[in-house]
Every structure is written in C-alpha cells, then in structure tokens.
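Fit chains B and C to the supplied structure of chain A, relying on the hints for placement.
Residue numbers (the numbering used here), protein chains in the order written: chain A, 5 to 296; chain B, 431 to 686; chain C, 71 to 446.
Hint data in this document are derived by calculation from the structure and do not stem from the laboratory.
Quantities reported herein were computed from a predicted structural model and do not represent experimental measurements.
Cβ coordinates follow ideal geometry from the N, Cα and C atoms, glycine included.
Any given hint could be a false lead.
Within a straight-line C-alpha distance of at most 25 angstroms, the following computed DMTMM-like cross-link-like pairs (lysine to aspartate or glutamate) qualify [stated by the list, open to error]:
id: 1; chain 1: A; residue 1: K147; chain 2: C; residue 2: E254
id: 2; chain 1: A; residue 1: K160; chain 2: C; residue 2: E384
id: 3; chain 1: A; residue 1: K147; chain 2: B; residue 2: D528
id: 4; chain 1: C; residue 1: K419; chain 2: B; residue 2: D528
id: 5; chain 1: C; residue 1: K419; chain 2: A; residue 2: D261
id: 6; chain 1: A; residue 1: K21; chain 2: C; residue 2: E254
id: 7; chain 1: C; residue 1: K419; chain 2: B; residue 2: D574
id: 8; chain 1: A; residue 1: K147; chain 2: B; residue 2: E510
One-sided excerpt, in silico: chain A residues whose CB lies under 10 angstroms from chain B [as the list claims (entries may be wrong)]:
id: 9; residue: Y154
id: 10; residue: Y162
id: 11; residue: I165
id: 12; residue: N182
Only part of the chain A face toward chain B is listed, based on derived beta-carbon distances under 7 angstroms [stated by the list, open to error]:
id: 13; residue: H158
id: 14; residue: E163
id: 15; residue: A166
id: 16; residue: E232
id: 17; residue: D233
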Amino acid sequence: MNTIAGYNFAYLDEQTKRMIRRALLKAVAIPGYQVPFGSREMPLPYGWGTGGIQITASILGRDDVLKVIDQGSDDTTNAVNIRRFFARTAGIATTEKTEDATIIQTRHRIPEKPLSEQQIMVYQVPLPEPLARLEPREAVTRKLHALADYGLMHVKLYEDIARYGHIASTYDYPVLVNGRYLMAPSPIPKFDNPKLHMNPALQLFGAGREKRVYAIPPYTKVESLDFEDHPFSVQRWEDPCALCGAEDSFLDEVVLDDAGGRMFVCSDSDYCTTRQAAGHTGSQSPVAKEAA
Amino acid sequence: MNPLLRVNGLSKRYGERIGCADVGFDLYPGEVLAVVGESGSGKSTLLQLLSTRLPADAGSIHYQITGRGLVDMAHLSEAERRWLLRTDWGFVEQNPRDGLRMNVSAGANVGERLMATGARHYGQIRATASDWLARVELDPARLDELPAGFSGGMQQRLQIARNLVTRPRLVFMDEPTAGLDVSVQARLLDLMRELVTDLGLAAVIVTHDLAVARLLAHRLLVMRQGRVVETGLTDQVLDDPQHPYTQLLVSSVLQV
Amino acid sequence: MYVAVKGGETAILNSHELLAAARRGDERVPEITPAQIRQQLRLAVARVMSEGSLYDEDLAALALKQAAGDQVEAIFLLRAYRTTLPRFGYSLPVDTSRMALRRRISAAFKDLPGGQVLGPTYDYTQRLLDFSLCEPSASPLPPRADEPLAEAMPRVSELLGHEGLMEEELPLPGDPAPVDLSREPLSFPADRATRLQNLARGDEGFLLAMGYSTQRGYANSHPFAGEIRMGEVALEIVPEELGFAITIGEITLTECQMINQFAGSSTVPPQFTRGYGLAFGEAERKSMAMALVDRALRAAELGEETTAPAQQPEFVLSHSDNVEASGFVQHLKLPHYVDFQSELELLRKMRNRHEGRMKVGAGGTAPTEVAAEENA
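The following block holds chain A by itself, in its conformation from the complex (with noise of 0.2 angstroms):
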C-alpha cells in the first residue's frame, strides 16, 4: 500500500520520534515509573489509544510487521482503523498472526500464544496513575511513588475483602513492578497479569492523553497485589470455548438469543481461528453440530 503524500512516515516527524523514544529508554532504564512526554494531538481522539499510536510509530521500522488488536480481536472497529492508519502512512506489512509479528499494538488484552525476545509489545492506556482512584492530585501521588509509599493500595484491596469478600477489581488490577513501582496494566482482564511477569518481549505502556509512558522490559518480576491469606487469583470458566475447545484462554461471553442462550468464546481471536484450523472443535463448531 502507498503512504500518504506530505506525511512523514509513521506520521510523526522524526524529532517527535526521538523525543519519545528518549522517553521511553529512560522508561526501560526505570521499569514502571511513568515517564512524562510531550504527547502529541493525533488525529485519532485521546482515548483512542493517541498514547500507543505515538509509541508504534515512534519504534516503527519499514521492516517491522505490526499487529493491532482490540479487546483480544483483530477485527474490532478501532483495532482495523489503527492497522490502516499505519498501514497508510508508513506502509509497512500487517498480520493478524501473533507469532508473525514484531510488534503487536493491543487495548484490553495480552495474546494468548506466548511472545518471544523479538517482539514489543505496545500498550494503550486510558488512566496510568493506579492511585488514581484514590487520590486524584497528581501532586501527591507523584510523592508516593517517589516513596514508594503504597499503603493505601493495601488499604483498597483491605476495603474489598471486608465489603465483598474478595479483591473486586477484574480488568487493571494493581501490580509492583520490579519490586519497587506500583503501575496500572492498563484495562487487561486480571487473567492476563500473570503474563506481564518474566515476559520475553519488551512491553512498553503508552497514555497520550495523560502524557505518559512507561515500561516493563524483557525478564521483570511483575507481582499482582494481594493478601497472603487471599492471595491473587484469576478468572476461570467451567466451559472451554464453544468454538475451538480451549480450556486456558480468556473468553467472551456471547448472547445467542433473548431468552438467556449464551455462549462463550476465546476473546484471542487469532488464537481461537488457529486452533480450529487445526482441527479443534467446541460445543458449537460446525462440526460438533453435524455429529450432533
């Protein structure tokens, strides 16, 4: 596909590049401190994943194959309009296969295939303060990360178990990164957290419209906060994917019908679609219904 006329590649000039790139090597250099940077207007809206569109285009090579998903799917609105937007502009190479690509730009989820040391991972995030919640001022919570003063995450997670017997946060749940940062995953379901500890690939973390970035790099102790008497769990369903049998992945629910009929499916849909090409099948495959 040809770029865009009048566009530098990727988009932003070249200074911009380097200025976030600077940003995100001292991002690397501290894992899970958010580095402040110059963020861009971009002409996706802020909260449209601005933050992990300026990190992509920043790191982009014309040899790189990027994947961009939404909610685990290639196929969502916002991951298809990101992939064209780069595509358009640098005209570089897409897939939708995890394996294949170099760098994988993701809202919501972590893939399920495991990554490796040649790939970078990009993440957008709507909110990169974790103690945001529980104190707005951006002044004081900048001295608790400096302190490492994290009390009042425990006093949360302390609330939750009184009030509802469990830690109640599913999606961005709280973890400390590298034994020193407190650091919001971005809105990933707790399922995948487990997948930012000792990863291979470099994960960067970008916020356009709250300016910041930040970083796990490859082979950093990631720990999901909690308890020892209630120690950090994560979802599980007592169905596997009606589609492709997958009894370790994260899965959506789908409404069938108005009368209660639901099924549930892997939220990867790369995963789920390489699976059932090689011959897995669930509950609601075509051919688990001809047998049936």
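This is chains B and C only, laid out in the frame that chain A set:
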C-alpha cells in the same frame, strides 16, 4: 535517662506576625507535656513545627531514633521522616474527620498503618484492628462500618486507635477533646490517661482547657504571643502560678 | 452456527461515505464555502482558532465545514493538523497596549483617557429573531467616527498602577521562558504562565461554568471588568539572520483584565489584583471567563482560602481541554467486552454470595450447604 525529644530555639514567623519564638524543651519517654494558652498564642503552630508538618525558620528538633540516638530531624530524608510519622509517631487531629479516612471502614482505618509498614495478612490485620477497637471501647462488631456513622466521641476514639496500632513512642494531640460533649470528654480523657500509662507513651497535647492538662499532663508549657512564659510540673504551675499571665489564665477558669 | 462479526474495514469505509453525504445535505441547496464561513461565521471561526491554538482563519473555516459545524470536532481537526507543522520560531510577546482598537470598554470607570469604544457587539441589541435575514441583504456601510480614536489608550490596570492600588506584575526572577504546553506535558504545581496557556486553549463552555461558579459563592471573588479591549496587534519575530524584529502580520485579539479586591497579607498591603484573559478573534465571553478563572486559580499564591473547584489548579487545568475531554468521554463507545466480561463475572459471584447470605439469614443454613442442596 536520655530525652526522647529535644527542642531548641524553635521559631516561626508569618510575615510580620510571630507564630512562635525561641521555644525549647526536653521530653522524656513516657512523659506527657501539655501546651496551654489562648487561641493565637502559638500553641498550634508549635505542634505543627514539632510534628515537622511546618518548616521552622530557626531552631532544631532532635528525636531519639531506636538504635541511632538523638537525630536532628532536619537531617532526615523525606522517606525516613515519613516512615517515622507512620510508625513511631502519631498525630491526633482536633477534628477526627481530618485524621480519618471517612470513605473506608473502621477496620481499614486502623489497619492502614499496618499495611503501610508491610503487613500482608488480611486475617491478622483484621484481628489486630478488632483488638484495637475493643481497646478504645468501640464494639468490634462495627469493624466493617464507615466512620461517618459513628458519633463524634467514637470517631475520636477510632482516630486514637488508628494512631496507636503501630505502638508509637510519641503522639501529638491537637485539642483532642474540643468539640465533644462534656460527658463524652470525661470518658475520652479517662481512656487517654489509661492508654498513655499502659503503653508508656510520650505525648505533646495542645489544649486551651486547663482541666485536660491537669488530668493528663506531667508538665505544662504556658504560651503567650508565641513565647513560653512559664513551664513546670503541672500541679506546681496550676496551684502556684508565677507569671501574671498564667495567674490570669488559672483564675479565669473553673478550678478543677 | 455462530459466526464472529467480520468485515470491519468495509463497514468503516461505508461509514465515511455516509458521513460525507450527510455533510453535504440536499444538493439542491448550494454548497457552503470556507470563504463564506470565514466571512459570515467569524465568531465560530474565532473559537476554533483559539481552542485549536492556531491562528489561521482559512483553515479554521475549512475545519468547521469538514466538521459540519461541530466546534469541538473542528478544534480537534485543527489541533491534529497543527501538530504536524514545523516550528520556525517564537514571536516576541505581543503588546496589547499598542493594539489598533475596535472595541474598548471599562466597567470600573465612567470615563477614562481614550474613552469607551463600543465597536461591533451584541451587547446592546434586543434579542429578537430578525426574519429579514432569511433573504439576502446588502451590507450596510459601517458608520464612521467624526474623529480618529486617540493614539494612546492606556490600559486601566496601568492607571491604577500609578497610584499603587494595583498589584505589580513583574516577570519571575530570571524571566524564564514559559513552558510550551503543546510540546511539554502539563505538570503540577503549574506556574501562572502555564496556567494561562492551558486556559487559553481551554473549552469556552467549561471556563464559562467555572467562572460563573466563582460569582455564585464557590470562591470568594469580587470581580470588576476593569477593561476589555479588542482589535488588531502586530506580530513580530526576530529572524536569526537579521537580529532585529520584523512584523510578519497582524492578528485580532480580545483581552480582558478583571480587577479583584485583595485583603492583603502580612507582607503585602491591601490592593487590587488581576485576573487575565486573552483569546484569538472576537471572543469576549471566553476572555472574561478565563480572567475569572485565572484569578480564582491564584488563591493559593495569594494566601487565600481554597475551597471551591475553580480554585483547584489540578481540577481546572486537567479538565479544561475539550479535545482531551471529548476523546475520553467518547472512547466509552469503543468495545469494552473484556472489562465488561470481568465485571459480569464479579457481579454474578457477588450475587451468589448475597443469595447464600440471605438464605443463611432465613433458614440458618451455611452457604456451602445451600450450594450442596441446590446441586442436589
């Protein structure tokens, strides 16, 4: 015995106005010092300075840190200072709403300092919080209730429990009984006296109420216009005031 | 059989075409041109330039056309374009005391050197719908004054300054260059230059509501419209190769200086203080609201009690930008299946627990036993 807190020449000005001038004293472990005076006498400023919430213009504060001896507070890093504030020190606000988190349960209020200092066992934090509620005569069954539903006296007792849970050695109190009914005040004073004795707490209590000072304090510091005008053992000062201002203060209130 | 939704790309392209058709409307009606918008909707153009942070009437008019009149969308378009423009340099500070005035009023003094100049304003019109505008009309010849305006029009704040009644406005020590908010992230505490930059880009509706709140008791302010002036000022730059200032054009500005009483402090005698507002084009409502909010945000530095929302810099400055606000509010339209799925799981779990509790309360059975009975 070494002092727990040594204060020298502490001064603070607000523009032309004197907040507090050249205040000095030693406070020993387990000792309760009351700072008395009218409003505007500088006693609240002094408390702010002592608790390092307000930077002083001149003077020094030394504190006996376990294993380190008397340390100049000005030489502590912000991290060390904050650590001290949430472990070895306490601060009881006049208005319990300023000292409590009103949007989390009583248990979380008491447990916060424990969690801030590394406690990570929910059941143990809860059990400790529950013990402390009982100690300040609050019903442990109300552990999961928000403080907003508590009366003023109960909120004040909860604030005290929240401060004492880490077994601090030094507590600052700013008019802790002001704003409470007389009968509630008496009960709270009894409780505070008991806790101070049981725990061997040192405390600096700011009050305009000489009855509170008489009941709780070993020693008195009488302040006027930012300066200390008289100091001594509580009974001595109240029964035989030397400075004309102290005499006025003592004679103007009901004797206790 | 279940088939996942596919074909996003085609749907998106179709949506673009529907949008273009809706923008054009009925083809029997002549298409509007950016030139018409620039000439005849000048106040809309001014707002887009101010909040879009780019003084270009043609581009602002184009943005308004493309956005079908949606101002916030037009502002967004202009901002996104602005980001891609190279920086040639920074202008010298504009001198509004040398403004070629078209309007200048003061509510603080009945008469003042230079006089009151009403200029083009809706202030003294009766708000009756004018049906004669349904038909094309010839432009009336503008009335001309008998004599030209005075050369020097001192600002009201300077008149008060001679008496020492007005606070002095001095550059910060060392006169540091202000932060460029379009290049650097906003950080707190923010100095006044940064705050003013943020407010100048801020949403007019937001500033209006914030300013209004200060008049209704949410902040203790007693403002007077000391002076509002509108007109053209010259824009000067110093090219490196020349070494002296040259004029590169002129822009229309509206400036408002609010005068507020200040009780004084231990070091400062009682005096008047100012709130400042400045906007591109004719934008009186915006610059007045901005001046009110600017003054409210100075509460902390003046040692005043800060209790109201308009006095909290983090609250005001973090929420003033409509491009940020619009994007984030509307991002709720993006799919949230995954988060919602997690919430759904949680709610079901909580309801199960709740039901268990209810049954315990009613029959005294432990929750585990309830579950066993249900299974049986």
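To see whether the hints hold, each was checked on the structure:
Taking the CA atoms of K147 (chain A) and E254 (chain C), the gap is about 20 angstroms. The hint holds against a cut of 25 angstroms. This hinted pair checks out: K160 (chain A) and E384 (chain C) have alpha carbons roughly 23 angstroms apart, not beyond 25 angstroms. Between K147 (chain A) and D528 (chain B) the alpha-carbon distance is near 20 angstroms, which keeps this suggested pair within the 25 angstroms criterion. Proposed proximity of K419 (chain C) and D528 (chain B) is contradicted: the alpha carbons are some 36 angstroms apart, above 25 angstroms.
The hinted pair formed by K419 (chain C) and D261 (chain A) meets the criterion: a straight-line CA distance of about 23 angstroms does not exceed 25 angstroms. For the suggested pair K21 (chain A) and E254 (chain C), the alpha carbons sit about 14 angstroms apart, so the restraint of at most 25 angstroms is met. At roughly 20 angstroms between alpha-carbon atoms, K419 (chain C) and D574 (chain B) fall within 25 angstroms of each other, so this suggested pair holds. With a CA separation close to 13 angstroms, the supplied pair K147 (chain A) and E510 (chain B) stays within the 25 angstroms bound.
A distance limit of 10 angstroms between C-beta atoms decides the matter here; for Y154 (chain A) the minimum to chain B is near 8 angstroms, and the interface restraint holds. For Y162 (chain A), the interface hint holds, the least distance from its beta-carbon to any beta-carbon of chain B being 5 angstroms, beneath 10 angstroms. For I165 (chain A), the interface hint holds, the least distance from its beta-carbon to any beta-carbon of chain B being 6 angstroms, beneath 10 angstroms. Checking N182 (chain A) against chain B by beta carbon gives a least distance of about 18 angstroms; that is not within 10 angstroms, so the hint is violated.
Contact between H158 (chain A) and chain B, as hinted, is supported at the beta carbon level, the nearest pair being about 4 angstroms apart and thus within 7 angstroms. About 5 angstroms separates the beta-carbon of E163 (chain A) from the nearest beta-carbon of chain B, less than 7 angstroms, and the hint is met. Among the interface hints, the one on A166 (chain A) holds; its C-beta lies about 5 angstroms from the nearest C-beta in chain B, closer than the 7 angstroms criterion. Here the hint on E232 (chain A) is kept, as its CB sits about 5 angstroms from the closest CB of chain B, short of 7 angstroms.
A distance limit of 7 angstroms between C-beta atoms decides the matter here; for D233 (chain A) the minimum to chain B is near 5 angstroms, and the interface restraint holds.
Of the numbered hints stated above, those contradicted by the structure are hints 4 and 12, listed in ascending order.
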